[in-house]
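*Asks:* Each chain is listed here by its residues.
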Amino acid sequence: MAGKMPGRITRRNLVLGTGFLAISIALSDKLVGKALERFQEASNNPRWGVVIDLVEFNRLGDGMRDVVNACRAEHNIPVIEGKDRIEWIWLMRFSNVFPDSVVKGSVFAEMLVPVMCNHCRNPPCVKVCPTQATFKRRDGIVQQDYHRCIGCRYCIAACPYDARSFNWRDPRPYINPLNENYPTRTVGVVEKCNLCAERVDGGKIPVCVEASQGTFVFGDLNRLDSEISKVLKSNVFIRRKDHLGTEPKVYYLV
Amino acid sequence: MSLLHKSLLPKSPSIRTKKLGIWIALLAIVAIVGLLAYSQQLVKGLTVTGMGREIAWGLYVSNFTFLVGVAASAVILVLPYHIYRAEEFRALALIGESVAVSSVVMCILFVLVDLGRIDRIAYVVRYPNLTSVMFFDLIVLSGYLAMNAFIVGGKIFKFENPSLLKLSVYVSIPWAISIHTVTAFIYSGLIARGFWNSAILAPRFLASAFASGAAIMIILSHILGKTSPLSIDRRGTGKLSEIAAFAMVSNMFLLGVEIFTVFYSANPEEIRHFTYLLFGFGDNVYSPLWWISISAGIASTVLLITPSTRKNEIVLFLASSIVLVSIWLEKGLLLIVPAYMPSNLGLTEEYIPTPVEILITSGIWAVGLLILTALLKRVVKTLVLEEAFSPQRIKTQNRN
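Chains as they are written, first to last, in my numbering: chain A, 1 to 254; chain B, 1001 to 1400.
No lab work stands behind these hints, which were simulated from the structure alone.
Using N, Cα and C, we set each Cβ at its ideal position, and we do this for glycine too.
Please note that a few of the clues may not be correct.
To be verified - The calculated lysine-lysine pairs, modelled on DSBU-like cross-linking and capped at a C-alpha distance of 35 angstroms, are:
no., chain 1, residue 1, chain 2, residue 2
1, A, K127, B, K1044
2, A, K233, A, K83
3, B, K1311, B, K1377
4, B, K1155, A, K136
5, B, K1044, B, K1155
6, B, K1381, B, K1018
7, A, K83, B, K1044
8, B, K1166, B, K1155
What the hints assert, rightly or not - Computed beta-carbon distance windows for the label pairs:
no., chain 1, residue 1, chain 2, residue 2, range
9, A, P173, B, V1125, 29 to 35 angstroms
10, A, D201, B, L1112, 35 to 41 angstroms
11, A, N176, B, V1125, 20 to 26 angstroms
12, B, L1036, A, N176, 29 to 35 angstroms
13, B, L1035, A, I25, 44 to 50 angstroms
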């Protein structure tokens, strides 16, 4: 009888009520958090992006390798050849990167394109990671937590850009020289370009941008008066696999 | 009463136990070799496998996928036996549940050996990501293992609680469908891989799972009929062969639907993988394998749908073995590797499993077969005793 009376505080009602309350708080926290994130993303938070001028970049000749080497030195990326290789930013032919946007024999086909993590607005890798080891920061940088990753490589399967590398072997013997200011990784975890989050947090620009001799532009896509926004407004750009809806934040001027 | 016991119990000749001993010793050796190979992988990392920058999932994930299907297919026996009281499945249902238990254990082992940092496995529950299909897959797999272990264990160790058993059986039926559906979602939910990104993948998984599961049960009842005192109802295996036929036809149909859609619409994200798989002979080893798998599939389907061949015990055994080879390839390496080939950057690489990888894989199979052998030994004993003391049997015995 007592159990049927609504509102009466019985042990059963108390337990049920507390449970319900806990679940609703947890749910609303998650929902409100999501909404807040969207709002803040659109308002005062920066949203970092990179624009790469392909024609200018290819004029650098041997200097093109500088962006790759600068990143390698900054982030202790091991030099391994073959199937175990690790890449954060690397160069590939235009016809490989944009297979749908090129005809055979065009001047663009042989151009070299710097390829890196796109720091997607809708990152498929973040969605699939079973341990939240990869996550999107408030400023849009997609980060990898090397201490959280269990090495299941689901994110590698999920990435449409092949931007992620797995440490198939212990990377430490292949790092030279060692940068004491950035962690090395262990065998068995995934890593990728972090848009130099460690430098950006200190107010600096990514090393690849620094080494690009002005052919890369880094900046805040949320601010209409930033250089990157102005460049994007007055130029034709392409993004990798735009039709997938991942919303890359690495833009290529053609 | 004790006299009745002995006269009713079937004799178990010593040769059979000796053969069983050799079988178990053989499996134990393969399992230990696999463990040694795994220690190599633990020390050196996954570099000892054939996987790499382009093809990041290989033999382990392939076997995992195939075995989830085998585990799920227990439902084709559990459903008719427990819901429709199909008496011909009395023995087969329990054997099917034992197969499910050992397959899920193998699935979990295949996931574990594929991890780069197995020491962090607890993070999956400590920091769960509710948008990750893999998180849910681990949940449904563990739940399925628990349920089937409870059903089989209850029968063997006689702690059956009728209402709890009933509940487990009812829950395990949709749950069996869910484990293979969720496993398919791991792949089909990825926009990055056109080869998997198809809504038809989950139905295809189920069709091939039921075919391979029925085939395994036919093979097992054939072996048990030869090596154990258990006599399995012929009507049961007959029904199973029909289920295998239906499932193979559905599987072929769904595969045909997929291939038509891919090649007619010619979506570049999809067609490049299917071209690699279907017309890449000479360039890669997976294309010939695909044609072997499809020929085996067609041949076994013909043998299974033709009544005269289906009803021949030897041909049925052969057809079932061919089904297994076909599906193991199709829902294994042929499902995983082409999704990465050519890569999203148009690169091609050849994935060949290394000896270490193959030893670890066979080690896990040996562990699974050991568990299955142990379970089936108890199951056979339980079933034989049950039959010996069934009311009808005692009645006829007394009349004699």
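*Asks:* Out of the numbered hints, which ones does the structure contradict?
*Replies:* 2, 4, 5, 11
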